[in-house]
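Listed in order, the protein sequences are those of chains A and B. Residue numbering for the first sequence is 116 to 319, as defined by the working numbering. Residue numbering for the second sequence is 111 to 663, as defined by the working numbering.
None of these hints come from the bench; they were simulated from the model. Since this is a predicted model, take the numbers as computed values, not measurements. All C-beta atoms in this analysis are idealised placements derived from N, C-alpha and C, irrespective of residue type, glycine included. Watch out, some of these pointers could steer you wrong.
To be verified - So the derived label-pair ranges between C-beta atoms look like this:
no., chain 1, residue 1, chain 2, residue 2, range
1, B, 217, A, 204, 49 to 59 Å
2, B, 295, A, 124, 15 to 25 Å
3, B, 225, A, 125, 18 to 28 Å
4, B, 486, A, 282, 20 to 30 Å
5, B, 415, A, 251, 49 to 59 Å
6, B, 295, A, 301, 25 to 35 Å
7, B, 486, A, 301, 21 to 31 Å
8, B, 451, A, 169, 47 to 57 Å
Stated by the list, open to error - Straight-line Cα separation of at most 27 Å, BS3-like style, residue types lysine-lysine; simulated pairs:
no., chain 1, residue 1, chain 2, residue 2
9, A, 177, B, 563
10, A, 263, B, 564
11, B, 564, B, 505
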Amino acid sequence: MRSSSEIETISKRATKAAGFPWGIAEEVGKNIKNLELLSIAGIENLNLYLHLAKGRILYGPKKILNQNKLDGKSFCPFYTGSALLDSANKVLEIKKLTFHLVDFPILLIPFINRLSYKIGKKINLRIDNYNFVLNLNQFVSSNKDISKVIIENAKLVEIEVIENEDSFETSTWNKLYELSSETFVEENERLKAIGAGAGLVDND
Amino acid sequence: MRQIDLRNPKEIMTLSRLGSFHQSKLSFLRSFIREFKDWKFQRDLFELDKDGYGVAVYSVQKDSRSYSLVCFASELDSEERSDRVIATKWDAAFVLHDGIPTKEDIQRLKQNVPKQEVGRLSYKELTLSRANKSVRVFEHTVEALASGNQPDENVLKDVGYLYRTTAVYGSGKFGLADRYRIKERTEICGPFRLEMMLVYLVRQFTFDQVNHIAKLRNPSKAVELDNNIARSLGIGNSTGLGMAPFIINHPTLLHNWIYSREEALRQIRSIKKVDVEDFNKFKNCFLRSKINIQSWKTESEYQTDKIKKLCKDLIIFENQFLSELNFKEDYFWDDLYKWTEEKLSDEGIEYIVSMLMEPYDNIINPLVENMSSEEDLYFDIPGERLISDLINIIKDNYSNILSIDFSSEKEITNFWFISKNKEEPRLANRHEEEGSELEQPLAIARDISHLFKKLSESPAIQTVAEFLMQNNELRHAVRRCFIIEKFPYSEIQDNTIGSKLVPIDMLRLKLSFFGAQKFDPRSSRWLRINMYQGAPLIEELKNTNDTWIYNQL
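Just chain A, same shape as in the assembly:
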């Protein structure tokens, strides 16, 4: 078994060798390590993408907009992911973004996962028919098994910031709270009299 350290180092070097700058290669090394720890096919996607990318001109966004489209060309997942990660405030402001045509979009997942951590909110990521919920760089859940998935090009990638809200009913919460309160002990009058704040008047 390859260690995470080996995965990070080799991914970083290979990315540089394919023509990316060192700063991007550093990002990719960390990302592929994270994908493999999540049992997503990071190495397989990376290998195919780098061999495709080597020697080609690659494109990232020049600005982060709600609709992002190049004239018939595809976005590079690394330049796009880095730009999104760097532009966390802009993503928070726009909330819902779309990218038309993205190469090897699985490689975008760890960037968006880190973005989720950075902004402190969950993110819904849709890559054509695959839906993902990215949870503060903790884990990735999806509507399909993606452990072996390789997507060479996505027609549409949608990124939506989810506002922090409960995923359960208030009535369910209340029932659970009621149960938890059974761990409390009734305080008698003598104990109340010596508790914090006791004996003081409000304007002391």
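Position chain B relative to chain A; hints supplied.
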């Protein structure tokens, strides 16, 4: 109350100053012994033949935790013995196993550990190493013991070890366990602690091996190596350029090492009244340590000059300061430090800084706990910051670097690369060798200089995110700027590719934190050192004190 500040990173982080650092109480082999002195060390297996070839296992245990060193010694033709990293065979190979290895583990390791870089390890192994004998000293020792005598101490003194390691690997290399698997263990919270454990146990193996061979060579007459002689032997290490990029590639870790040293010095200089006991401890360590400097042998002109400077400094210190001091005066340590800055060379200043730490366990021990780093926490670039912020960070933290003229050929003479045959970092002349297009991102000063120029041409109110969308080739340099903003000791304040670069300054910095002694440069690119010379033997660990490093050798 006197206000004592941390020393200025721009002065401390130059290569000439970092290359004058000495071991101290913060050093990793000393903190290893402090942490593990109460653990149980034992030899669990020792199956060597009459020539000392075979397998041995040593374990270190406390409560439910154990670590084991598995040693494989084998025959090596003299033509095959090389300390270079390009070697493929060694006298002995070692691995530190997490727990007690089963028979199956030992069989698996036997197939892989002697192969080193081309073998595969598992998450159950923590560190990997190999070593070669100092043939002259090893044979002399075995022969003397076999004939009932102790080895000639003069022969041993010149070298100082029976074996020297040529590499010690950890943190996920070749399939070894990743650090995240074990980082929560409190006993290994300091950096390189498992590497230090491996080397300490290898030292014990070398003693057991010479005793074993001598005994089988002459059962009726052989004697065991005297404990005093054994104690005076360490483990040698040959180290080259492979180690140098580490301190550039791990900026927050470098900061934590240097900051610990600087904060220790600041706290010590801030002591208003120095206790007589603490002063005596300082004086005692100083006097004991300076005797050992006489045993630092090297053929390197560069290092000989440094040793001479150090010896001269220490004589001045002893004659002009130590003899006439009054430690009862307020802020005595601060006055002492200021005196060294005024009168001594970098070698002497940093030597005294190390000595000042000796009396203060209460200051040093909490700092040791913070010498590791969670580097990933500081990896992301805050893209929302403005270009004007970035310009100010560079002006505040890299002003020395901005004065270097990188359009001059001599300032960009060298480039760092990874060699194809050994996957190890190397240095070459850009103007004479091919391959500079594959340069590693280790020319930080040059890249910061380029970044500064590019930023100066950009709108000050542009965000870093917007800047990077157009200038991703400078991303690694931008990241470093935001790291140095938080970690002022994270960066070498010098040109690491100029014609005047002395790479062993980078090695010496790292090795001083390891706790190495006797720096012996064999060129400007590699050197030999000694580790654990004077250290307590396994059976003495429980009763050792922390000043063993100054035992007379």
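Against the earlier hints, flag every one the structure doesn't satisfy and list their numbers going up.
6, 7 and 10
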